[in-house]
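Sequence order for the protein chains is A and B. The opening residue of the first sequence carries number 1 in the numbering used here; numbering runs sequentially from there. The opening residue of the second sequence carries number 1001 in the numbering used here; numbering runs sequentially from there.
These are calculated hints, taken from the structure and not from any lab test. Hints should not be assumed to be uniformly reliable.
Pair by pair, the computed Cβ-Cβ distance ranges are [as the list claims (entries may be wrong)]: (1) T308(A) to S1094(B): 49 to 59 Å; (2) G69(A) to T1180(B): 39 to 49 Å; (3) S1047(B) to P177(A): 42 to 52 Å; (4) H1160(B) to Q153(A): 54 to 64 Å; (5) N267(A) to G1179(B): 50 to 60 Å; (6) S1047(B) to G155(A): 17 to 27 Å.
Taking beta-carbon pairs under 8 Å as the criterion, some of the chain A residues facing chain B (in silico) [as the list claims (entries may be wrong)]: (7) A54; (8) G60; (9) L65; (10) S67; (11) N175.
Given the structure is predicted, the values throughout are model-derived calculations rather than measurements. Glycine included, each C-beta is placed from N, C-alpha and C at the ideal position.
Take a look at the letters that make up each chain.
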Amino acid sequence: MNKIANRAVMCEVLKEAAGRDRDVVVLCSDSRGSGSMTSFAETFPAQFVEVGIAEQDLVGIAAGLASCGKRAFAVSPASFLSTRSYEQCKVDCAYSGTNVKLVGISGGVSYGALGMTHHSAQDIAAMSAIPGMRVYLPSDRHQTRKLFEALAQDGQTAYIRLGRNPVEDVYEEGNIPFEMDRATVLREGTDVLLVACGEMVKPAKDAAERLGQEGISAGVLDMYCVKPLDARGLLEAAKGKRLVVAVEEHAPFGGLGSRVAQVIAANDPMRVVNLSLPDAPVVTGTSEEVFRYYGLDAEGIAKTVKQTLRG
Amino acid sequence: MNALAVKAYSLRQDVLDIIMAGGGGHIGGDMSSMEIMLTLYSRMNVSPERLRDPDRDRFVLSKGHCVETLYAVLADKGFLSLDEVKAQFSKFGSEYIGHPHNTIPGIEMNSGSLGHGLSVGVGMALAARMDGRAYRTYVLMGDGELAEGSVWEGAMAAGHYSLDNLCAVVDRNHLQISGTTEQVMTPGDLHARFAAFGWHVIDVSDGNDVDQLKAAFDGAEETRGKPTVVIANTVKGKGSPLMENKASWHHHLPTAEEYEQIRRDFLERKEALSHE
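Looking at chain A on its own, in the form it has when it is part of the complex:
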């Protein structure tokens, strides 16, 4: 089992970028520990800004820095960043066209036992609805590295959700296909297409293997780029399938499933099932327990596919 969290990889990539480019700056809202940014702050104190527990200020200051040429990475828990400072994300980042990367850490149900205040099950919907805002949920540490290397170079705002705990690898060292804003085909299949993002990619991949053992051929698409969604890649992968299943660590509205259903319905109508968190406060537990409870683990995903195909 991999022990390196995606957030730790982000810190490594940003330290490399900050060493090359003094315009790379990181801002935290008393969140340097939970964002794995302590070593960044220690290594590059002149490129680190602490704003205290003030998320609106975090994003506004980041936008001001970015308007003066900085590549600002505002790192704060996804639950607060995506709701408390939502208007700053809309106005000061997207609308004003500033190069602020909004990194929502401890995303989804990472803070399992801490309750709805700390869960971010609406961030994809909220951020996707802002014109000019891109939304990325990398699936493992390898893809996180590729994504942040790209984001440290580009000039537009984006929201990136990362989970708190290390997740099992989806990709292998030396074989990490990554193209910006293009979904990655993880597995070809003929019966079903599983589309997932973030921490749901690994269980989707595992579910496809289980299904294969039972004679159901399932393809898997890693849609880390929820916005702009890779519609062409989705339609290519969905072509000829009997069923498309979207899997996400998000409320059932306005997330990956909604976008997938929209694209499929408009272009190549077929049955789409959305596996998500409920439209309710999420049950208390570790991520693993929560995912199992809502059928978002490999077993649950495989079970839903089989039941749906049986009709």
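The hints should help you fit chain B onto chain A, whose structure is shown.
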């Protein structure tokens, strides 16, 4: 004669014409903040020839609804064509909307929703410090706007980082859309409030007096180790008794008769100032 004081009345007429042409605008705050913006732009290191100059001073109109005055001042400084603003303000598909937009030359940040500008200004001032640049950052807020909690997050950070290259201005006209600031939400002792957040506070008794404002901005520039806030006590609707100190003129569109009266009042004050 103080040329800047006289010019304020020429630009008031421009603002009035922009509002009439567009069929709406925030005339009360436009008039109270005229001398503030005019005085700032008379001293800021900005020019239409150097729009992207990294050393330019920065101005953020946090009370974005007073954009008509900003348009008039930017046109006066050669950033914009006044005729173009009048022809396009609030028209279908126009860039000249009712709040600042940074696709327009000379405008740094989009605003309109209150309580955003101070944090943005903190970021700009921090960037200057990181890069060793001498530019100054100015943020203009309304007094009603100070009810937004985010203002005080920005104030806290500016004090924490001792941003002496940052100057906030409060257009203290004592009125907001529903009535006086005291009726709507008491701002209390603003001087003490900002001082408590680590700011150097300069009170300007007449915030429509360009000499008093100039002295205040000089004082801000000389201040070391603290951000400065200039609390400019202004008159909402300044320039015509018809609208002065009247909350109902927050965004009232003058009738034809009112327009004529206001135009005459502006001319009269301009004449008087020309002979001082």
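Hint by hint, here is what the structure shows:
One distance hint, 49 to 59 Å for the beta-carbon pair T308(A) and S1094(B), holds here, with the actual separation near 51 Å. Our hint of 39 to 49 Å for G69(A) and T1180(B) holds, since their Cβ atoms are close to 42 Å apart. For the hinted restraint 42 to 52 Å between S1047(B) and P177(A), the CB-CB distance of approximately 49 Å keeps it satisfied. Our hint of 54 to 64 Å for H1160(B) and Q153(A) is violated, since their Cβ atoms are close to 31 Å apart.
At roughly 55 Å, the beta carbons of N267(A) and G1179(B) sit within the given window of 50 to 60 Å. For S1047(B) and G155(A), the hinted distance range of 17 to 27 Å is satisfied, since their beta carbons lie about 25 Å from each other. The interface hint given for A54(A) is met, as the beta carbon of that residue sits about 4 Å from the closest beta carbon of chain B, less than 8 Å. Hint status for G60(A) relative to chain B: holds, with the closest Cβ pair at about 3 Å, below 8 Å.
The beta carbon of L65(A) comes within 4 Å of a beta carbon in chain B, closer than 8 Å, and the hint placing it at the interface holds. A least Cβ separation of about 6 Å between S67(A) and chain B falls short of the 8 Å threshold, and the interface hint therefore holds. Checking N175(A) against chain B by beta carbon gives a least distance of about 39 Å; that is not within 8 Å, so the hint is violated.
In this structure, the hints that do not hold are numbers 4, 11, in rising order.
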